[in-house]
Each structure stands twice: as structure tokens, then as C-alpha cells.
Amino acid sequence: MESHSTQASRPLLNSKQKPPSYQSVESTEEKHLTQWELINMTICFAGLQFACNYGTPYLVSLGLSPELIALVWFAGPLSGFIIQPLVGAFSDKCTSRIGRRRPFIIIGGILVCLSMVSIAYSREWAAILLGKKISKAPLDDDDIRRMAIIIAVIGFYCLDFSLNAVQASIRALVLDIPPVHQQEAGNAWAGRMLHMGNIAGYFTGFLDLLVLFPFLGDNQLQVLCLIACIVFTLSLLYTCLTVKEKVYEPVENDSRAIRYLPSPIQKICNVQFFSWMGWFPFLFFSWIASVYARTHSTNDPDFFDKSTRYGSFALLMYSWISFVAGSLIPQITPTSSSSRNPFTIYNIYTISHIFFALIAWCTLFVNTVEQSICLIGSFGIPWAISMWVPFAMVGEYVQQEDENQIQENTEVRPLNNNDIEQDTSMNLELSSTSSAAPTSPTEGEGEKFAAGMILGVHNLYIVLPQLVVSLSSSVIIKLVNDFSHKDNIENSDAFGWVFRFGGIMAIIAAILSRYLDDLHIVRR
Numbered sequence: 001m002e003s004h005s006t007q008a009s010r011p012l013l014n015s016k017q018k019p020p021s022y023q024s025v026e027s028t029e030e031k032h033l034t035q036w037e038l039i040n041m042t043i044c045f046a047g048l049q050f051a052c053n054y055g056t057p058y059l060v061s062l063g064l065s066p067e068l069i070a071l072v073w074f075a076g077p078l079s080g081f082i083i084q085p086l087v088g089a090f091s092d093k094c095t096s097r098i099g100r101r102r103p104f105i106i107i108g109g110i111l112v113c114l115s116m117v118s119i120a121y122s123r124e125w126a127a128i129l130l131g132k133k134i135s136k137a138p139l140d141d142d143d144i145r146r147m148a149i150i151i152a153v154i155g156f157y158c159l160d161f162s163l164n165a166v167q168a169s170i171r172a173l174v175l176d177i178p179p180v181h182q183q184e185a186g187n188a189w190a191g192r193m194l195h196m197g198n199i200a201g202y203f204t205g206f207l208d209l210l211v212l213f214p215f216l217g218d219n220q221l222q223v224l225c226l227i228a229c230i231v232f233t234l235s236l237l238y239t240c241l242t243v244k245e246k247v248y249e250p251v252e253n254d255s256r257a258i259r260y261l262p263s264p265i266q267k268i269c270n271v272q273f274f275s276w277m278g279w280f281p282f283l284f285f286s287w288i289a290s291v292y293a294r295t296h297s298t299n300d301p302d303f304f305d306k307s308t309r310y311g312s313f314a315l316l317m318y319s320w321i322s323f324v325a326g327s328l329i330p331q332i333t334p335t336s337s338s339s340r341n342p343f344t345i346y347n348i349y350t351i352s353h354i355f356f357a358l359i360a361w362c363t364l365f366v367n368t369v370e371q372s373i374c375l376i377g378s379f380g381i382p383w384a385i386s387m388w389v390p391f392a393m394v395g396e397y398v399q400q401e402d403e404n405q406i407q408e409n410t411e412v413r414p415l416n417n418n419d420i421e422q423d424t425s426m427n428l429e430l431s432s433t434s435s436a437a438p439t440s441p442t443e444g445e446g447e448k449f450a451a452g453m454i455l456g457v458h459n460l461y462i463v464l465p466q467l468v469v470s471l472s473s474s475v476i477i478k479l480v481n482d483f484s485h486k487d488n489i490e491n492s493d494a495f496g497w498v499f500r501f502g503g504i505m506a507i508i509a510a511i512l513s514r515y516l517d518d519l520h521i522v523r524r
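Quick note on the UniProt record's numbering: the sequence shown kicks off at 1 and runs consecutively.
Careful: at least some of the hints might be erroneous.
[Claimed, not checked] Okay, derived cross-link-like pairs now, DSS-like style, lysine-lysine, Cα gap no bigger than 25 Å in a straight line:
no.: 1; residue 1: 31; residue 2: 244
no.: 2; residue 1: 93; residue 2: 244
no.: 3; residue 1: 93; residue 2: 31
Read the hints as simulated data drawn from the structure, not as lab findings.
For clarity, every value in this text was computed on a predicted model and none was experimentally measured.
I would like the entire structure built from these sequences, with the hints used as guidance.
Structural data, given as C-alpha cells:
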């Protein structure tokens, strides 16, 4: 496939360039990172994912209505839509002595811990604010219950916003630090750490934490909250202490990144939009519960607990498979797309979408919980690829553009007066015959985009499908229930058809992925 990252030829010196004595002499050869340095850089992803495994059952225990719980869930796409682009843009221009990303990681990390504590101890905080006695069962008081709900909802919104701030910053680190030939390896390690955080989070949730750590809290959620805070803080602290950030360099016209997204990035974003249209039904809906309801009565008092345990076990299997796939698949990809090895990251990306669609439509033939667990576990393979390949492609493009810019600066040769006069006359002649000025970065001269800005725009194409799926899935569920004449959603196959809708979106993503630009990078 052709690359659209070629740049227009430039005159040797123009009015916007500094004299040769002021030109950058930074080497275009960036340091090759060891495996241990890649682990140091990405271990924070494990802590982030461990904290993200915070569910909303606690809101149910507070007596929150389904409408308010839906309002809480809306915090996810809202915070991703607002916070990640803003944090990316501001951190790109941060001139702090401790680095560009560290200030946002530290501040975001503190807010995450405060938010988790406010949620887990919302009942106790409510009692304190109302001047009432704290007890282990304060919800007998309606005033305390209402205040606890307000504190928990505010805490969930703060948690989502601060988590997105941290995620934007650590994702930008993976683009900033590894050289272009290690972007794939860096993002592969980020994916592995995410899967490890998932496994650790689900496993910790299975344990009876009150028996193991009775001194950390009065209930499972409080103990889990404090453990999550410790793991999250240590992982962020370790990364901040072991990585070296790049110094901020002013980027000309970086405000144009949103309006004029480079063609290779735009194509990746297009694929991501439809890919996440497929993923959000899987991430949102408890399909196993509807399968379990086909053979068990929903009136059984243990129905909710049993179906939840089956769902948790399926997600644990899915996390393990994601980790194994995320560790093995990068090892079989060739170092260059020109290799005869067919398992290039472009082909693997396409295959993952097709595989996702096949799994989604296999839900038509599933009738038992055991079959559904196997199917949910299979989603771990395309999930591992989705957490690695598109981010690696974005990172490779950004780093390649940075290296091209450095190369151009180092290739400027000293000029004498005659050269400058001749070059000036050539520029005047060229400008008089030029038909039009460039109107976009793909046509312009060396437009350079900051990593955080690019990641922020890329994240919009992940967040927006969440809003679209929320609306489209409601329509699908209503149509299926009306057609099957079933009022109880657990007894219908509505969630299965939402999954299959996601499969159709995955096929569109697979088609679009065949048009991605190959940057012909040799990876090591």
C-alpha cells in the first residue's frame, strides 16, 4: 500500500528557518530501549486497569434507580470525549521541570485515589457531613442514604474524568519515548500490562478480602478500594521514577491537528470507529445472564448471584486469553511489511475483525452457559490485537514524522551570500508560478503534530461509537422484544442480536483496514 506521509521538497533556506548556527544538531538515531525499559514505561497500564475494574454494583446496594445508574455510566464516554483531547493538548506544551506527562499523571493519580475512597466510604462521609453517628449499617437513615448516593455519583464522575487524564498521559508516554522501530513493541507491552491488570483485578475481586485483610475496611468494596489505590499508586510511581521524558519543543500550527488530520491517522481513526462499534456491545451487556435465563428461572433468589459468577468467570477466562494472545502474537509478526511472512500487523488487524464478527454471529448457536463462557473467552484474541495494533500504528506515524523533522534540520548546510541570493530569487520565481498555497498538512511543508494532540483526536473515534451504540442498541432490544413478544429482557435473545450488530460493524472495520497506509518501517 502506498504511504501518504511523503513531504514536499523544500528550498535550502527560507525566511522562517534559523541560520545554520542555530539549527538543531540532535541525532536522528534515537536510543534503542531494552525490554526492561519497555516494562518500566508500561507497568503503569497494569495499575490503571486494576483501578478501572471498579464496577457499579455498589450503586445498586445504595438503592440507586436504573435511570441514575445509566447516568453514571454516561460518565465514561463524556470524560473520554472531553478530558483526553484536553490533557493531550496541554501536556504536549507542558514546560514543567519534571516532564511533560508527569504532572498530569501525578495530579490525575491523586484524584483517582481520592475518588475511589469517596465512593467506597460514601456512607461514612454522608454520616459525617450530616453530623450523625457512623455505624456499619447507616442506610437505615434515608437522609444518609440520599447523601451517600450523591457522594458516590459525584465520586464516579470524578473517577472517570481523572482515569481518562491518567490514561491520556501514559498513552502519550508510549508515543514519546520509544523510537519509531520500537513503537510496535512498546504498544505490545502496554497491551500485556492491561491484560495483567484485568487478571489481577478479577482475581482480587474473587477473594474474600474481609477474611484476608479485615483491618482494611468493613466490607469487600472498601478493602478492594484500598488495595486498588495501593497498586495504582505504586505502578504510577514506578513508571514516573524510571522513565526519561523528552523536553518540550514548540510545534508550529499544532492547533490544526483536529481540522487537518494526516491521512494515515485519519484512516486508522475510521477503522477504530467501526471497530469500537463492535466492541461496545460486548463490553456493555451481560449476554451470559440471558443465556443462563433460558435454562433457569429468573425468580430464583440465587439467579443474580449465580449468573454474575458465571459472567465473572467468563471475563477472567477472556482476560487470560487476552494476555496469552497479547504475548504470543507480536512474536510472530515480521520485522518488515516487505517480508514474505503473511502475519504482518496489517493482516493480523484485518483478521482480528473478521474473527470478532464470526464469534459474534456464533451466538446464534449457543444454548448453554458453558458454550457462552467459551465464546466470551474467544473474544480475548481480537481484544489483544485491538489493544496493540492501532496504537502501534499511530505511534509509528508520529515518531516517523518527528524523525523526518529532525533529519531535515540536520541536513541544512551553511550558505554563503551568493547562495542566499540565488535561493531567494528561486523562491520568488517558484512562488509567482505556484497555483495555490497548501491547504492541509498532507499538502503542506513538514507539518508536525504533537503526540498528545493526535492521541486525543484518535480517542474521539473510540468514544463516539459508545454514544452511537447506546442509542442503536436500545432500538435493537426493543425491536427484538416486540418481535418475540417477551417483556423480560433476560428471557429474550435481545443482547445476542446487539452482539451480532457489533459483528456487522467489525466487518466494515475489516474492509476499511485494507486501505491503511503501510509506512514500511523496519521494527526491532
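If any of the earlier hints don't hold here, list their numbers in rising order. none
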